[in-house]
Amino acid sequence: MNLELTQQIRDQARGLLKSGTVKGVIGYERASDGLTARPFFAYELTGTDQLIFDETCSHNLVKYLLDKKGEKMAVVVKPCDSLAINLLLNEEQIKREMVFIIGVSCTGVVETAWNQKSQTLQARCQTCRLPKPVVYDFLAEQEPIRRLEGELYPDILEMEAKPIASRREFWHEQFGRCIRCYACRQICPGCYCPECFAEQLSPLWVGIRIALGENELWQTNRTLHLAGRCTGCNECERACPMDIPLSLLNRKLEKEMEELFSFRAGLTSEEQPPFATFRKEEKLGFEE
Amino acid sequence: MNLLASKDNLIRWLDLLLHEHVVIAPVRVQGLTLFQPISKAEEVDLDFDNTTLPPKGWFLPPTETLFSVQRNDGQTKLVPAMVERDALIFGVRPCDARGIALMDKPLLQEPSDALYRERHARTVLVGLSCRQARPECFCTSMGSAPNDASYVDILLTEIEVGYIVQVTSKKGKMLLPESFTEYEGVLPTPPEPRAVPIKDVMPAMKGLFDDTYWERLADRCLHCSICAYVCPTCYCFDVRDYSDRGNIERVRSWESCQSSGFTRIAGGYNPRATKGSRLKQRFYHKLLYFPEQFQDIACVGCGRCIKACPVNIDIREIIDDLQQLEAKSGA
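In the order they appear, the protein sequences are chains H and A. Quick note on numbering: the working numbering labels position 288 of the first sequence as 288, and the sequence is numbered without any gaps. Quick note on numbering: the working numbering labels position 308 of the second sequence as 308, and the sequence is numbered without any gaps.
Don't read these hints as lab results, they were simulated from the structure. This structure is a prediction, so every number in the text was calculated from the model and none was measured. Mixed in with the good hints there might be a few duds.
[To be verified] Calculated cross-link-like contacts (lysine-lysine; reagent style DSS-like; alpha-carbon spacing at most 27 Å):
id: 1; chain 1: H; residue 1: LYS132; chain 2: H; residue 2: LYS72
id: 2; chain 1: H; residue 1: LYS255; chain 2: H; residue 2: LYS283
id: 3; chain 1: H; residue 1: LYS95; chain 2: H; residue 2: LYS69
id: 4; chain 1: H; residue 1: LYS95; chain 2: H; residue 2: LYS72
id: 5; chain 1: H; residue 1: LYS117; chain 2: H; residue 2: LYS132
id: 6; chain 1: H; residue 1: LYS69; chain 2: A; residue 2: LYS275
id: 7; chain 1: H; residue 1: LYS162; chain 2: H; residue 2: LYS95
id: 8; chain 1: A; residue 1: LYS275; chain 2: H; residue 2: LYS68
id: 9; chain 1: H; residue 1: LYS68; chain 2: H; residue 2: LYS132
id: 10; chain 1: A; residue 1: LYS7; chain 2: A; residue 2: LYS199
id: 11; chain 1: H; residue 1: LYS95; chain 2: A; residue 2: LYS275
id: 12; chain 1: H; residue 1: LYS132; chain 2: H; residue 2: LYS162
id: 13; chain 1: A; residue 1: LYS105; chain 2: A; residue 2: LYS173
id: 14; chain 1: A; residue 1: LYS275; chain 2: H; residue 2: LYS23
id: 15; chain 1: H; residue 1: LYS72; chain 2: A; residue 2: LYS199
Just chain H, same shape as in the assembly (with noise of 0.2 Å):
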């Protein structure tokens, strides 16, 4: 456990649940294996002695303020998760008044699995630009913070490099894994329609086979509607019971809108994402 941080988080949860500024703080608590994170809801003061912060703390807490939009909470927020804050804000489905942003700075996270802790850093945080998060109210700090410049998308550019036929092997054999549980969709803070379109009957968008032809469907549905919106938590291809490596499908986009719009998702919460924006003067690509 990170005591600094861990302390600072504690200190501050206590005065926010003390002082009735929020109804509950939205942290992390050591899992039942004793040795990773999982996410925790502080209600009562007692309750804050059981948040912690180290290296397993992978999830995005980011996701539960959309359960929790009538009441102001508090939420821990690592400098990537911050990002998702932008994008909530930005998309109007949580209002800046009613989230406290407890701001971590970071040194990483590692790979985990239930009662399994790597020695490594995940990979997305090898390459992570990110020492501080973007928004917060406070901000738990902690040295040293090292700024990494890692290739981003080694694994991209090796994939682009195949030829198609190849491609689409391997992604028909990943799909086909697929069980469709939609736990990348559950944990995502931008998959947050009332009714999924995989879900809506009438009309009958994808179908219920679980089956590569569907899955396909829906894996690629997914990822271009986070296209601009996704900000490279990595929380869908953590929880993947199949282990599909969705962040490849996930950053060739995020690289595509670099390429095409010079923007990144949730860097601030006030431009909007070139999907929900149209200028006149915008080339369609086609006959004009």
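Given the coordinates of chain H, work out where chain A should sit on it, guided by the hints.
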């Protein structure tokens, strides 16, 4: 009398079985171990903890066609789905075999599920004892054991010189090759998984339906369907008709009580509209409704849901919490 199969003989036997059965066995796929049809014995990975998904998918597939309707020259023909070949599932853990026995209770009671019944009748289970109890395991608290032969046709237990072969059914006996020798030694002592006291959980649940415990637990739950799909005893499904130029196919797929689309009923009303109510349903079904109806808790202690849950909803913790809450409120 138990038998002994050397490792070589076991592999040869498997290859032999492939002539007459679809053999489904644990295969390593990237970092996962999945039950898949094999074409050669050497594809099998017998050095696994437990498979990522339980073998239930071979009785109740993630997706299957129940029947189709074909239209040709003014004729309409209803074509029921058929189970084509006998199957043998190889390397089933005792807990998962019990899972199938538990699914039998709702699915084989009359009127029984025709395709499930047919697959069941045409499938042989060859079990594999566990040499180690994994941290997520608690099978002995849920009516099974790492070396439980009750729900399989043949149980294999690995020892230094090969596998001890225990035969528990006629179906199993008919499959044995002559190469297996008699084994007079003792069976190894099974590992001891963690004990989860469960004695007071049913009465506890009756008193805690409206407890805030569920809301707090639901705060963390994402309401994905991982727990249901990795569970060897969850058997809910959805049915949908597909039509294409006059031909119709009735398809069913796994569904789960965690999804709001599943609980929504005709007219659009959703009796379990909140996250908490759906999470509660999962545990009430497993720990109260199912045992009230079928005498057994609908959990075999395989621990897959504990391992796979992205937010660590841990059924063992919940069982403990409920009994403690009830003890406190009764005191």
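Exercise. Is LYS72 (chain H) close enough to LYS199 (chain A), meaning Cα to Cα at most 27 Å?
Worked result: At roughly 41 Å apart (the allowed maximum being 27 Å), LYS199 (chain A) and LYS72 (chain H) break the hint.
For this session: Below or equal to 27 Å on CA atoms is what counts here, so check LYS95 (chain H) against LYS72 (chain H).
Result: holds, 9 Å
For this session: Below or equal to 27 Å on CA atoms is what counts here, so check LYS105 (chain A) against LYS173 (chain A).
Result: holds, 25 Å
Exercise. Taken at face value, is the distance from the CA of LYS283 (chain H) to the CA of LYS255 (chain H) at most 27 Å?
Worked result: holds, 20 Å
For this session: Quickly compare the C-alpha distance for LYS117 (chain H) and LYS132 (chain H) to 27 Å and report which way the hint goes.
Result: OK: LYS117 (chain H) and LYS132 (chain H) at ~24 Å, within 27 Å.
For this session: Please work out if LYS95 (chain H) and LYS275 (chain A) have their alpha carbons no farther apart than 27 Å.
Result: holds, 22 Å
Exercise. Holds or violated: are the alpha carbons of LYS275 (chain A) and LYS68 (chain H) at most 27 Å from each other?
Worked result: holds, 12 Å
Exercise. Given the proposed pairing of LYS68 (chain H) with LYS132 (chain H), does the C-alpha separation stay at or below 27 Å?
Worked result: holds, 25 Å
For this session: Would you mind confirming whether the straight-line C-alpha gap from LYS132 (chain H) to LYS72 (chain H) stays at or under 27 Å?
Result: The hint holds at about 23 Å.
For this session: Could you grab the alpha-carbon distance between LYS162 (chain H) and LYS95 (chain H) and see if it respects the 27 Å cut-off?
Result: violated, 44 Å
Exercise. Given the hint that LYS7 (chain A) pairs with LYS199 (chain A), does the C-alpha gap stay at or below 27 Å?
Worked result: violated, 41 Å
Exercise. Under the criterion that the straight-line Cα-Cα distance not exceed 27 Å, is the pair LYS275 (chain A), LYS23 (chain H) satisfied?
Worked result: The hint holds at about 19 Å.
In terms of the numbered hints stated before, the structure departs from hints 7, 10, 12 and 15, listed from lowest to highest.
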